[in-house]
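With the hints as your guide, set chain R onto chain P.
The lines below spell out each chain.
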Amino acid sequence: MSPLDFVVLIGSMLGIAGYGIWQTRGRRDLNAYLKGGHTPWFAIGLSVMATQASAVTFLSTPGQGYADGLGFVQVYFGVPLALLIIAIFFLPIFRRLNVFTAYEYLGRRFDTKTRLLGAALFLVQRGLGAGLTIYAPAIVLTTVFGWPLDLTIICSGLLVIIYTVAGGNDAVTVTQKYQLGIIFAGMLTAFGLLLAKLPAGLTSGDTLTLAGGFQKLHAVNFSTSLHERYTLWSGLLGGTFLMLSYFGTDQSQVQRYLSGASLREGRLGLMFNAVCKIPMQFSILFLGVLIFVFYQFEPAPLFFNPVSARVLAGQGNGPKLQAYEASFNNTQTEKQQQLRAWIAARHGGNPIAANAAFAAAAQAQRQGEQIRQSAAQELAAKNHGTTGNEADYVFITFILHQLPHGIIGLLVAAFFAATFSSKAAELNALSSSTTIDFYRHLIRRDATDAACVKASKWFTAFWGVVAIGFALYAHLVENLIQAVNILGSIFYGVMLGLFVVAFFLRHVGGTAVFWAALAAQTLVFVLFRELSISYLWYPLIGCAACVALSCLLQLFLGADGERDNLGTT
Amino acid sequence: MKSPAPVKPAPEIETETPGLPLFRSWRAVYVFVLACFVLWVGLLIALTEMFS
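Going down the list, the sequences are from chains P and R.
Residues in the first sequence are numbered from 1 upward in steps of one, following this note's numbering.
Residues in the second sequence are numbered from 1 upward in steps of one, following this note's numbering.
In case anyone wonders, no lab produced these hints; they're calculated from the structure.
Ideal Cβ placement from N, Cα and C applies to all residues, glycine included.
Each hint should be verified, as a subset may be incorrect.
Going by beta-carbon spacing under 7 Å, a handful of chain R positions derived as facing chain P [what the hints assert, rightly or not]: (1) Glu16; (2) Phe23; (3) Ser25; (4) Tyr30; (5) Val33; (6) Phe37; (7) Val38; (8) Leu39; (9) Trp40; (10) Leu44; (11) Leu47; (12) Thr48; (13) Phe51.
Residues from chain P that face chain R, not an exhaustive set, calculated with beta carbons under 8 Å [to be verified]: (14) Val73; (15) Phe77; (16) Pro80; (17) Ala211; (18) Gly212; (19) Gln215; (20) Leu217; (21) His218; (22) Ala219; (23) Met271; (24) Ala274; (25) Val275; (26) Ile278; (27) Met280; (28) Gly368; (29) Arg372.
Simulated DEER-style distance windows between Cβ atoms [to be verified]: (30) Val31/R <-> Pro40/P: 19 to 25 Å; (31) Pro351/P <-> Val31/R: 50 to 56 Å; (32) Leu34/R <-> Phe525/P: 34 to 40 Å; (33) Ala196/P <-> Val31/R: 38 to 44 Å; (34) Leu43/R <-> Leu531/P: 44 to 50 Å; (35) Arg27/R <-> Trp458/P: 41 to 47 Å; (36) Leu14/P <-> Leu34/R: 38 to 44 Å; (37) Pro306/P <-> Leu20/R: 45 to 51 Å; (38) Val465/P <-> Leu43/R: 44 to 50 Å.
In isolation and in its complexed conformation, chain P is listed as follows:
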């Protein structure tokens, strides 16, 4: 990165954080600090979007598109359906009861132990998730740029902690607007420059045909196999439950749409995301597909992760790496020649020659992938089975080697902006739940608002330090964005089950749902360990198990068990 890149990066990050602190200075009221002021629906919509879209979304998803095509978009098919259910059923109840946290509702509907169980499930999975949120972009950026990993994690983590502690929920919302602006500006610029860098003779039809020919446009998979990770059915059913759990029961999201001045603002903010989420994810994946097309005409590295090449070349194995690279480059040269012949034949109206050239290019592509896999296997053997995921390094490699200075800084700023926006919302939510569900409910029931604000600031800092600590000791996991979703899918189903029982099964009381939730969570852990089905099914399994076991246990406990404390179902 050049000095210009650093000016853009540091200036935008510090500027936004400083603006957030200045805008929200002097917030002492608990309601304003935890819930925020009267946020309009558009700001809520952006805030919900920014909270979900962490740096992993923008760094790793193009790599998913590059490696596997558009299939990952099916995960988001559940978003519009889930947000509709939340807007119609969940949100009015949360607002009517004027709760700070979603788990406060569980306490009112059931009892304290169920409330604490819901809050604890949230704190465990979101606390770990917050660490991953900050670790994921840091590991990729530091690997590529050679920055010290620990220092990057600590500096970026501390900056988020400072402005989130200072301004609370409002600071999160205020900064998220500008952070999302940086993100969109960066991604759109990358998109435009990538289009300009495609070969001159390549039309949009050629681009789509080429991508489709290499199976990168297979967006919808009708397979009914439970073992295939992304299908239409896992997206519609499992994805709906995953998103319903995330948006409906995860305090980091609930807090976003509860910050609206009225029910209308929260609902419209959710509907904004229901309309925009699928096209947004499609666009990010499609960016990855375009990068794939770009690298069909430009030399691609054997490994996008620079550490992989260094590890493979270590211990005197440099010649072996060079041999792999030479073979790989030969297949690439062959492929590029065949693809240029394919374009010429296609434009010249010679379909037979075009088909032959494309088949030869596809053959060269397969040979190249085989060489890459052989090298990756050798790398895994040297690296105790770990290769790191290449897909996470595709977009940043393209940025670094193909985009001009200044734009590189803008895009790295976009990744950090995405990290900050989701991490700040997570810290704010973790702090709110700890303050409201544990501190004020269990430790100091007579705490004043000022004492709660003070405690909330300490809890924000505490969770920030926990996240930094987890990030410092995290190890590289599969694809980063999948890791975030897998972690959520293990816990979210049972959390959703608690709320489904609360909203719709009036005859079930706290004791039944509490033990049912514990049993269902244990079942999910066991199934996750034993089965190899797509992770998208676990929210559905966890929710169904929690609901079914609640009903059974309530039958066993009889009609004298605890019932609905609210009369509001």
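Chain R in isolation, oriented as in the chain P frame:
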């Protein structure tokens, strides 16, 4: 341990309209969202069929 807190309903009118041009009711907003969803999935299926 059971501690049902008193319910404090927020002073809010749930019957408020969306207040958007072209959308007179929430039902219209929900139908629009569903229509967008169906359109997107349909376009993605078409893309898959055309180029795979």
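Quiz item: Can we keep the Met271/P interface hint, with Cβ of chain R closer than 8 Å?
Solution: holds, 5 Å
Quiz item: Does Ser25/R meet its interface restraint, that is, does its C-beta lie within less than 7 Å of any C-beta in chain P?
Solution: Violated, because the Cβ-Cβ distance from Ser25/R to chain P comes to roughly 12 Å (cut-off 7 Å).
Quiz item: Can the suggested window of 50 to 56 Å be confirmed for the beta-carbon pair Pro351/P and Val31/R?
Solution: violated, 44 Å
Quiz item: Taking 8 Å as the limit, does the beta-carbon of Ala219/P come near enough to a beta-carbon in chain R?
Solution: Since chain R brings a Cβ to about 4 Å from Ala219/P, closer than 8 Å, the hint holds.
Exercise. Go through the hint on Ala211/P and say holds or violated, using the shortest Cβ distance to chain R against 8 Å.
Key: holds, 7 Å
Quiz prompt | Supplied contact hint for Val38/R, tested at 7 Å Cβ to chain P | solution = violated, 9 Å
Practice problem: Hold the hint about Phe37/R up to the distance rule: shortest CB distance to chain P must be less than 7 Å. | Solution: holds, 4 Å
Quiz item: If you check the beta carbons of Pro306/P and Leu20/R, does the distance land in 45 to 51 Å?
Solution: holds, 49 Å
Quiz item: Was the hint right that Phe77/P lines chain R, CB cutoff 8 Å?
Solution: Interface hint status for Phe77/P: holds (6 Å vs cutoff 8 Å).
Quiz item: How does the Cβ-Cβ distance of Leu43/R and Leu531/P compare with 44 to 50 Å: does it lie in that range?
Solution: violated, 33 Å
Quiz item: Has the hinted range 41 to 47 Å been met by the Cβ atoms of Arg27/R and Trp458/P?
Solution: holds, 45 Å
Quiz prompt | Hint check for Leu34/R and Leu14/P - Cβ pair distance inside 38 to 44 Å | solution = Given range 38 to 44 Å: holds, Cβ gap about 43 Å.
The structure does not agree with the numbered hints 2, 3, 7, 8, 27, 28, 29, 31 and 34 stated previously, though it agrees with the rest.
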